[in-house]
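Asks: Each chain, written out:
2 protein chains.
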Amino acid sequence: MKTEIISVGTELLVGQITNTNAQYLSRRLNDLGLDVYYQTTVGDNLNRLIDALKAAAARVDVILLSGGLGPTEDDLTREAVCRFADRPLVRDKVAEASVRAFFERLDRPMTDNNLRQAERPEGAHPLPNDIGLAIGWVLELPDGKIVMALPGPPRELQTMFERYGRPYLKARLPETKPLFSRYLHFAGIGESQLATRLEPFIQEQDDPTIALYASVGEVMVRLSTRAENEREAQIKLQPLMDAVIRLAPDFYYGEGESLTLSQILIDTLIRRGETLALVESCTGGLIADTLIGVPGASAVLRLGVIPYQTIMKAKVLGLDAEKLAEHGAVSTWTAERMAEAGRTLALSNWAVATTCVAGPTTQDGQPVGRAYIGLAHESGVYVHEHTVSGDRQTIRERIMRLALFELWQAILQTHQ
Amino acid sequence: MKTEIISVGTELLVGQITNTNAQYLSRRLNDLGLDVYYQTTVGDNLNRLIDALKAAAARVDVILLSGGLGPTEDDLTREAVCRFADRPLVRDKVAEASVRAFFERLDRPMTDNNLRQAERPEGAHPLPNDIGLAIGWVLELPDGKIVMALPGPPRELQTMFERYGRPYLKARLPETKPLFSRYLHFAGIGESQLATRLEPFIQEQDDPTIALYASVGEVMVRLSTRAENEREAQIKLQPLMDAVIRLAPDFYYGEGESLTLSQILIDTLIRRGETLALVESCTGGLIADTLIGVPGASAVLRLGVIPYQTIMKAKVLGLDAEKLAEHGAVSTWTAERMAEAGRTLALSNWAVATTCVAGPTTQDGQPVGRAYIGLAHESGVYVHEHTVSGDRQTIRERIMRLALFELWQAILQTHQ
Numbered sequence: 001m002k003t004e005i006i007s008v009g010t011e012l013l014v015g016q017i018t019n020t021n022a023q024y025l026s027r028r029l030n031d032l033g034l035d036v037y038y039q040t041t042v043g044d045n046l047n048r049l050i051d052a053l054k055a056a057a058a059r060v061d062v063i064l065l066s067g068g069l070g071p072t073e074d075d076l077t078r079e080a081v082c083r084f085a086d087r088p089l090v091r092d093k094v095a096e097a098s099v100r101a102f103f104e105r106l107d108r109p110m111t112d113n114n115l116r117q118a119e120r121p122e123g124a125h126p127l128p129n130d131i132g133l134a135i136g137w138v139l140e141l142p143d144g145k146i147v148m149a150l151p152g153p154p155r156e157l158q159t160m161f162e163r164y165g166r167p168y169l170k171a172r173l174p175e176t177k178p179l180f181s182r183y184l185h186f187a188g189i190g191e192s193q194l195a196t197r198l199e200p201f202i203q204e205q206d207d208p209t210i211a212l213y214a215s216v217g218e219v220m221v222r223l224s225t226r227a228e229n230e231r232e233a234q235i236k237l238q239p240l241m242d243a244v245i246r247l248a249p250d251f252y253y254g255e256g257e258s259l260t261l262s263q264i265l266i267d268t269l270i271r272r273g274e275t276l277a278l279v280e281s282c283t284g285g286l287i288a289d290t291l292i293g294v295p296g297a298s299a300v301l302r303l304g305v306i307p308y309q310t311i312m313k314a315k316v317l318g319l320d321a322e323k324l325a326e327h328g329a330v331s332t333w334t335a336e337r338m339a340e341a342g343r344t345l346a347l348s349n350w351a352v353a354t355t356c357v358a359g360p361t362t363q364d365g366q367p368v369g370r371a372y373i374g375l376a377h378e379s380g381v382y383v384h385e386h387t388v389s390g391d392r393q394t395i396r397e398r399i400m401r402l403a404l405f406e407l408w409q410a411i412l413q414t415h416q
Numbered sequence: 001m002k003t004e005i006i007s008v009g010t011e012l013l014v015g016q017i018t019n020t021n022a023q024y025l026s027r028r029l030n031d032l033g034l035d036v037y038y039q040t041t042v043g044d045n046l047n048r049l050i051d052a053l054k055a056a057a058a059r060v061d062v063i064l065l066s067g068g069l070g071p072t073e074d075d076l077t078r079e080a081v082c083r084f085a086d087r088p089l090v091r092d093k094v095a096e097a098s099v100r101a102f103f104e105r106l107d108r109p110m111t112d113n114n115l116r117q118a119e120r121p122e123g124a125h126p127l128p129n130d131i132g133l134a135i136g137w138v139l140e141l142p143d144g145k146i147v148m149a150l151p152g153p154p155r156e157l158q159t160m161f162e163r164y165g166r167p168y169l170k171a172r173l174p175e176t177k178p179l180f181s182r183y184l185h186f187a188g189i190g191e192s193q194l195a196t197r198l199e200p201f202i203q204e205q206d207d208p209t210i211a212l213y214a215s216v217g218e219v220m221v222r223l224s225t226r227a228e229n230e231r232e233a234q235i236k237l238q239p240l241m242d243a244v245i246r247l248a249p250d251f252y253y254g255e256g257e258s259l260t261l262s263q264i265l266i267d268t269l270i271r272r273g274e275t276l277a278l279v280e281s282c283t284g285g286l287i288a289d290t291l292i293g294v295p296g297a298s299a300v301l302r303l304g305v306i307p308y309q310t311i312m313k314a315k316v317l318g319l320d321a322e323k324l325a326e327h328g329a330v331s332t333w334t335a336e337r338m339a340e341a342g343r344t345l346a347l348s349n350w351a352v353a354t355t356c357v358a359g360p361t362t363q364d365g366q367p368v369g370r371a372y373i374g375l376a377h378e379s380g381v382y383v384h385e386h387t388v389s390g391d392r393q394t395i396r397e398r399i400m401r402l403a404l405f406e407l408w409q410a411i412l413q414t415h416q
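If you read the sequences in order, they're chains A and B.
Heads up, the first sequence is in full-length UniProt numbering, so the first residue is 1 and it goes up one at a time.
Heads up, the second sequence is in full-length UniProt numbering, so the first residue is 1 and it goes up one at a time.
Don't read these hints as lab results, they were simulated from the structure.
Be careful, since some hints might not be right.
Pairs of lysine-lysine, BS3-like flavour, derived with a Cα cap of 27 Å [said to hold, decoys possible]:
1) B/Lys-236 - B/Lys-170
2) A/Lys-145 - A/Lys-177
3) A/Lys-2 - B/Lys-54
4) A/Lys-54 - B/Lys-54
5) A/Lys-54 - B/Lys-145
6) B/Lys-54 - A/Lys-145
7) B/Lys-2 - A/Lys-54
8) A/Lys-177 - A/Lys-2
My request is simple: use the sequences and hints to build the entire structure.
Replies: Right, here's the structure in full:
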């Protein structure tokens with residue numbers, strides 16, 4: 001069923017808050033097998049809200065509203081839906097009792113506007129608010145279309161949707177097959193490069209469908225199909241998965257919706273009982289921060305050193321100051337020594353070192369974006385040179401992703 | 001002028017990413033004095049995108065599009081606007097040369113689809129992309145309405161909008177009194193705490209208007225008014241600024257739209273000719289990463305050490321292993337020693353150390369969220385204890401902000 005999410009609130013239109021409700025609802029509706037065609041945001045304005053409802057009703061089957069159910073004059077969702085659907089506004093008796101009980105429990109005087117939160121269009125089914133005052137509700141229109149109103153505060157919205165809204169929608173869904181997806185992750189390959197290789201598949205896509213999602217230094221490909229069950233889905237998805245991975249096998253690192261390279265690295269090293277040290281010059285804490293974001297990182301990451309000023313590379317890591325001056329801070333030699341020194345200092349199995357020119361200006365004759373990533377292990381020390389593009393932050397992020405990817409590849413190639 | 005933001009991308013409709021672009025643009029457009037009436041999100045679907053453009057053109061004067069300008073078949077914004085406005089698609093010569101030069105510089109083969117990123121509707125003014133490949137553009141319709149297309153990656157969108165999009169819109173604005181704003185920054189105070197104190201001001205707001213923007217560990221208050229000139233604005237804004245600062249003077253750190261605590265710290269230390277070392281346990285690279293994001297940081301930040309495993313606090317920083325075991329890794333004693341050791345190792349004027357329980361589980365009998373921040377300076381070593389709430393990432397971010405704020409306060413109190 002085609003679905004539209006209408007977020008109500010002037011605070012969204014002035015950029016005061018991020019619309020996380022639209023993302024949350026989109027994800028959960030997709031999980032249910034509903035197709036979200038539009039997300040719309042309107043302010044606390046009665047006529048524009050009614051217009052948005054009319055536009056949505058003309059193009060989708062299910063409308064989810066979030067926000068505008070509070071006690072103030074600005075909260076107009078109830079009134080807008082009543083006008084749009086030509087229904088009177090009524091007070092829900094059960095909800096009214098809850099609101100009154102709430103204020104009695106707190107021994108606080110209840111102002112009358114609070115009872116607005118117990119109102120709903122006549123004929124709408126109330127959705128209880130277990131952690132707040134404003135009730136939600138679902139109204140079915142004569143043509144079978146559904147309008148569901150949920151409160152704006154994210155925790156109230158989520159609790160109400162999970163406990164009452166979602167089951168309601170699920171029961172109303174026509175008998176379709178559920179959606180199954182596979183998420184394939186690639187790193188170290190540009191989005192356009194992978195897109196070019198994928199193009200024939202994307203052009204022919206029908207079932208399963210293919211979508212490509214890129215972020216700095218990473219690409220994820222999603223394959224989706226509807227099927228009776230996991231086994232049928234697997235039979236439909238597996239050949240396409242194999243084919244997509246074969247397009248760039250050297251850059252593929254794994255499958256799973258919430259999989260990340262950091263997660264894989266930490267898990268793999270924990271399994272192997274191995275440890276890691278980081279020596280980050282230009283990435284300066286970015287690799288450490290990313291890895292520490294993964295619970296369990298403390299079993300793996302022993303030490304990080306950020307020898308940000310060149311002299312610190314000599315003083316703390318013991319690099320030969322003369323040779324450092326001769327080769328320059330951004331060089332193969334320095335990356336190699338940094339990695340080795342980190343491994344020695346931390347007594348770790350692995351060490352990764354980064355040194356690069358993040359910009360905005362060139363350094364020691366090296367261009368902006370030039371980077372050296374060093375990897376130290378008992379089997380030896382390896383350095384790769386890269387040149388990446390972007391502003392200061394993007395360069396640092398790309399080098400971080402490349403360093404994680406190279407470490408992961410080196411681990412795979414190393415038998416324990 | 002009435003404005004609509006259309007975000008393009010199926011990844012938004014399936015809930016894969018949060019729409020931060022809509023928030024960013026809304027805020028910047030409001031700053032310019034444009035009224036955002038609608039935010040709309042559509043997927044990578046040509047017909048629905050054209051329909052969204054038609055609907056927007058029927059109700060607003062300015063349409064801002066974000067996303068759909070990349071190199072793949074899924075990137076349909078160019079084509080949709082061409083069909084909607086009945087214009088042919090042409091290749092921008094300047095942009096084409098940039099794309100080709102980019103691949104030559106990297107010595108990488110360029111696939112043809114990359115040239116799609118240099119295309120625009122005929123007659124549209126190109127907006128350069130200084131940190132990416134896809135150009136943006138502005139098209140003026142025969143009826144005077146404006147369509148501006150910006151790339152989806154947030155950093156590219158922001159850079160392009162600030163450098164080229166915003167000035168373009170500003171020049172096209174009708175002659176109204178310009179909007180003047182003041183941005184007051186607070187750290188170390190909870191958003192709801194500050195909001196409660198601000199409530200009487202917000203309720204009575206008319207001119208100047210007040211808006212509150214909160215992020216983890218930081219709150220910004222914006223005061224705005226329309227005036228003939230800066231002097232008139234200052235007279236209207238100053239009394240309110242003073243009153244707002246008086247609500248939480250100990251937590252106020254400065255005024256300015258793009259001001260950040262990191263920027264203030266780096267600038268202040270550069271001016272004083274002083275240097276800094278970081279010893280980050282639980283924040284693990286987060287403080288370093290934030291400071292290094294500020295150009296010029298290399299003059300100030302000498303060294304970062306992330307002694308993530310407790311044993312490293314002894315081995316690399318020289319902390320007494322027995323006392324460390326006695327006091328525990330998360331303790332006043334350890335934060336104090338870490339800060340001192342960092343200052344000694346880096347020969348810096350200042351050192352900041354963090355140690356905390358980031359969760360998900362308690363540690364050595366200390367609850368999740370307990371933190372110690374150590375500050376070392378020639379005048380002595382100081383440690384503050386905090387208990388903060390949130391998940392792992394939020395706790396780490398709050399401690400990072402608190403550490404920056406405490407360092408800044410300590411610097412202010414120290415005469416050179």
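Asks: Next, verify each hint and record whether it holds.
Replies: Now the hints, each set against the structure:
Distance restraint check for B/Lys-236 and B/Lys-170: the Cα-Cα separation of roughly 23 Å lies within the 27 Å cut-off, and the hinted pair is therefore satisfied. Simply put, A/Lys-145 and A/Lys-177 have alpha-carbon atoms about 21 Å apart, close enough for the 27 Å limit, and the pair holds. The suggested pairing of A/Lys-2 with B/Lys-54 holds, with an alpha-carbon distance near 20 Å, which does not exceed 27 Å. Straight-line distance between C-alpha atoms of A/Lys-54 and B/Lys-54 comes to about 16 Å, which keeps the hinted pair within the 27 Å bound.
Proposed proximity of A/Lys-54 and B/Lys-145 is supported: the alpha carbons are some 24 Å apart, at most 27 Å. For the hint linking B/Lys-54 to A/Lys-145, the alpha-carbon distance of about 24 Å falls within 27 Å, and the restraint holds. Distance restraint check for B/Lys-2 and A/Lys-54: the Cα-Cα separation of roughly 20 Å lies within the 27 Å cut-off, and the hinted pair is therefore satisfied. Proximity of A/Lys-177 to A/Lys-2 is assessed by CA-CA distance (about 15 Å); at most 27 Å being required, the pair is judged to hold.
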